[in-house]
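Asks: The task is simple: from the sequences and hints, build the whole structure.
Here the protein sequences line up with chains A and B, keeping their order. For the first sequence, this note's numbering assigns the number 1 to the initial residue and increments by one for each residue that follows. For the second sequence, this note's numbering assigns the number 1 to the initial residue and increments by one for each residue that follows.
Be aware that one or more of the hints could be misleading.
[To be verified] Okay, the calculated bits of chain A under chain B, using three or more residues with CB under 8 angstroms as the criterion:
hint, stretch
1, 143-156
2, 167-176
3, 316-330
If you're looking for bench data, these hints aren't it; they were derived computationally from the structure. Glycine is no exception: its CB is placed at the ideal position from the N, C-alpha and C atoms.
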Amino acid sequence: MTAWTSSAPPEALPSTPQEVRVDPVPPPVPPVGVRRLLRSRLVIASAVALGLLVAACIAAPLWAAAVAGTSPERTNASPDDTVVVDGEERSVLADDGRPIGPTWGRRFFLGADDEGRDVMVRLLYGGRASLAIGIGAALLTALLAVPLGLVAGYLRGPIDAVVTWALDVIWAFPVVLLGVALGVALALGGLKIGPIEIAGGSRLIPLLVIAVVYIPYMARPIRAQVRSLAEREFVEAARAQGAGPVRIMVAELLPNLTSTIVALVPLLMANAILLEAALSFLGAGVQPPDPSLGTMLRDGIERLTTAPHATLVPGLALVAAVLSINLLGDGVREALEGDAVADGS
Amino acid sequence: MVRFMLRRLLAMVLVLLAVSVVVFLIFNVIPNGDPAARMAGKQATATQVEAIRREWGFDEPIWVQYATTMRKVFTGDLISYTNRLDVDEEILRGLPATLSLAIGAAVIWMVLGVAFGAFAALRAGRLADRAISVLALVGISVPVFWLGALMSHYLGFRAGIFPSGGYEPLTRDPLGWAYHLVLPWTALALLFVGLYSRVLRASVLDGLRQPYVETARAKGLSERRVLVGHVLKNSLIPIVSLWGLDFAVVLGGGAILTESVFDLDGVGQFAADAIAQLDAPPVLAVTLLGAFFVVLLGAVVDIVHAALDARVRVT
Numbered sequence: 001m002t003a004w005t006s007s008a009p010p011e012a013l014p015s016t017p018q019e020v021r022v023d024p025v026p027p028p029v030p031p032v033g034v035r036r037l038l039r040s041r042l043v044i045a046s047a048v049a050l051g052l053l054v055a056a057c058i059a060a061p062l063w064a065a066a067v068a069g070t071s072p073e074r075t076n077a078s079p080d081d082t083v084v085v086d087g088e089e090r091s092v093l094a095d096d097g098r099p100i101g102p103t104w105g106r107r108f109f110l111g112a113d114d115e116g117r118d119v120m121v122r123l124l125y126g127g128r129a130s131l132a133i134g135i136g137a138a139l140l141t142a143l144l145a146v147p148l149g150l151v152a153g154y155l156r157g158p159i160d161a162v163v164t165w166a167l168d169v170i171w172a173f174p175v176v177l178l179g180v181a182l183g184v185a186l187a188l189g190g191l192k193i194g195p196i197e198i199a200g201g202s203r204l205i206p207l208l209v210i211a212v213v214y215i216p217y218m219a220r221p222i223r224a225q226v227r228s229l230a231e232r233e234f235v236e237a238a239r240a241q242g243a244g245p246v247r248i249m250v251a252e253l254l255p256n257l258t259s260t261i262v263a264l265v266p267l268l269m270a271n272a273i274l275l276e277a278a279l280s281f282l283g284a285g286v287q288p289p290d291p292s293l294g295t296m297l298r299d300g301i302e303r304l305t306t307a308p309h310a311t312l313v314p315g316l317a318l319v320a321a322v323l324s325i326n327l328l329g330d331g332v333r334e335a336l337e338g339d340a341v342a343d344g345s
Numbered sequence: 001m002v003r004f005m006l007r008r009l010l011a012m013v014l015v016l017l018a019v020s021v022v023v024f025l026i027f028n029v030i031p032n033g034d035p036a037a038r039m040a041g042k043q044a045t046a047t048q049v050e051a052i053r054r055e056w057g058f059d060e061p062i063w064v065q066y067a068t069t070m071r072k073v074f075t076g077d078l079i080s081y082t083n084r085l086d087v088d089e090e091i092l093r094g095l096p097a098t099l100s101l102a103i104g105a106a107v108i109w110m111v112l113g114v115a116f117g118a119f120a121a122l123r124a125g126r127l128a129d130r131a132i133s134v135l136a137l138v139g140i141s142v143p144v145f146w147l148g149a150l151m152s153h154y155l156g157f158r159a160g161i162f163p164s165g166g167y168e169p170l171t172r173d174p175l176g177w178a179y180h181l182v183l184p185w186t187a188l189a190l191l192f193v194g195l196y197s198r199v200l201r202a203s204v205l206d207g208l209r210q211p212y213v214e215t216a217r218a219k220g221l222s223e224r225r226v227l228v229g230h231v232l233k234n235s236l237i238p239i240v241s242l243w244g245l246d247f248a249v250v251l252g253g254g255a256i257l258t259e260s261v262f263d264l265d266g267v268g269q270f271a272a273d274a275i276a277q278l279d280a281p282p283v284l285a286v287t288l289l290g291a292f293f294v295v296l297l298g299a300v301v302d303i304v305h306a307a308l309d310a311r312v313r314v315t
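Replies: The following block contains the structure:
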């Protein structure tokens, strides 16, 4: 291992839409962090927005059953399927197949898609799937990447060489290409690792694929930080007291990685949600007829001329979710690291 | 330095080797992925499938198949399973579109990213800075295929201001080439403009706090000279590294989404179509090409980084 590879800036990751600043010596977490976080109106607004989105997605069955009275998969494609708008009875799908636009009523609040499914109901269930996959994938990535980075960075030697090489391999793949190839292959065949068996159409497959694809983007900065932390006196002191490597990694190094992990996870969530949409859009993510924001966009974009709402609605929801996570993550990072401006320059 | 380069080269080859094995395995462990059965069609008899299996060597042990395939990758004899086209020729056919998209978008996002980032850093803490920060976050939160589809539909198909898709070769019609690429360039560059302006802003602010800025000011240099000649020059180092890597990713089929939304018929779209049909050879070739660009430009970036930054030493 050369000093050189580790000196490559950790932010130099392709397709990671945001910088991640990992200081070689992490600044102590300022006690004003939380207060500073709460002072920013933008951060509070985005937290509220994200909370509302999550609450709406959790309430999906409630809306489907109590308000719209339908399910996300139920189609209304026959001419007899009608809905009353302003006292006037209208078909869900017109004679030329044009789906009805937003009625702003109980049924088809946001209109129908080209198979006569309720867009609002699909949006809530789809948002649920997208958020669950994005958040789940980011947490799984963290769960896999943190131990890898810790072990590689602290133990060094052959273990480090193997882990670094494996990370390089994943990293060398173009992200979308690897995601799509894995997604298509697993969607057809399912996955079987020992006792765990995942069926082909399961939503766990895109979750797993996304988690694996993003491992290097988290493990590399963690490893770099562990390497520099390992040189510090407190590690030396722990070693002198007879602490073993596991104890040092868990009790000494891990707590010092908290701010890096907290800064990286929202970033991963935002990217994972976007990647889910991209994979589903290319047919390699959530499998139809299950809704997700990506599959809704895939269905909608072909119908932009006749039913623009079927593309605009899931797209705007996607932007709202990702943007609020990004704003929140940005606020958290600023509160943890201290912005150059806030510190006075 | 020579030893370092050799070691780096060896590492590159090992990574590419692993990438090829992984892609090959992905397509060989799919339960329904038997290429012979799919090539023979639905009505084929068992003997016909068997004949194809023997003819194409699918009955050989998997490592023999891998070795044969890899030999073909390098000799240019790789044939697609589904349409039996020469894979290398197809990639070469798609490369001009992908190259045009990547180069144009990379120039746009670099120039705009640096301009916005430097401006935001100069106005740090003021309204303009906040506005750019939020806009940058919006840029990285918008899915490129959604934005691209909306642009293609509303600016192209509906308003007719731009072509809604397709690629016009540069050699045939330079103006038409640029005209067809304006929307794809914009859609693809937007994400990176947001990202780069943020990286540059952070890097300039960091630079302004360094002691050498005090020295430069003490020498009596104007604030503009300090900023452009000293701070900005150093702040460009991380951006240039990032640029090389992102460019490699886009070049190596990373712009699948932009290519398919705008129907550019480039390398990424070729790979996406092949994946949909579980056609292993094109996917293998495109992925290797992409990985090659990533690994190669990764090494170039490290070397340039060392040349620009005296603190990075080769050991």
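Asks: None of the hints should be skipped; say for each whether it holds.
Replies: Checked hints:
Chain B is given as covering the stretch 143-156 of chain A, and this is violated because 0 residues of the stretch bring a CB closer than 8 angstroms to a CB of that chain, at least three being needed. A count of 8 residues in the stretch 167-176 of chain A with a Cβ less than 8 angstroms from any Cβ of chain B is obtained; the coverage claim is therefore met, three being the minimum. Check on the stretch 316-330 of chain A: 7 of its residues sit with their Cβ under 8 angstroms from a Cβ of chain B, so the three-residue criterion for coverage holds.
Of the numbered hints stated above, the single one contradicted by the structure is hint 1.
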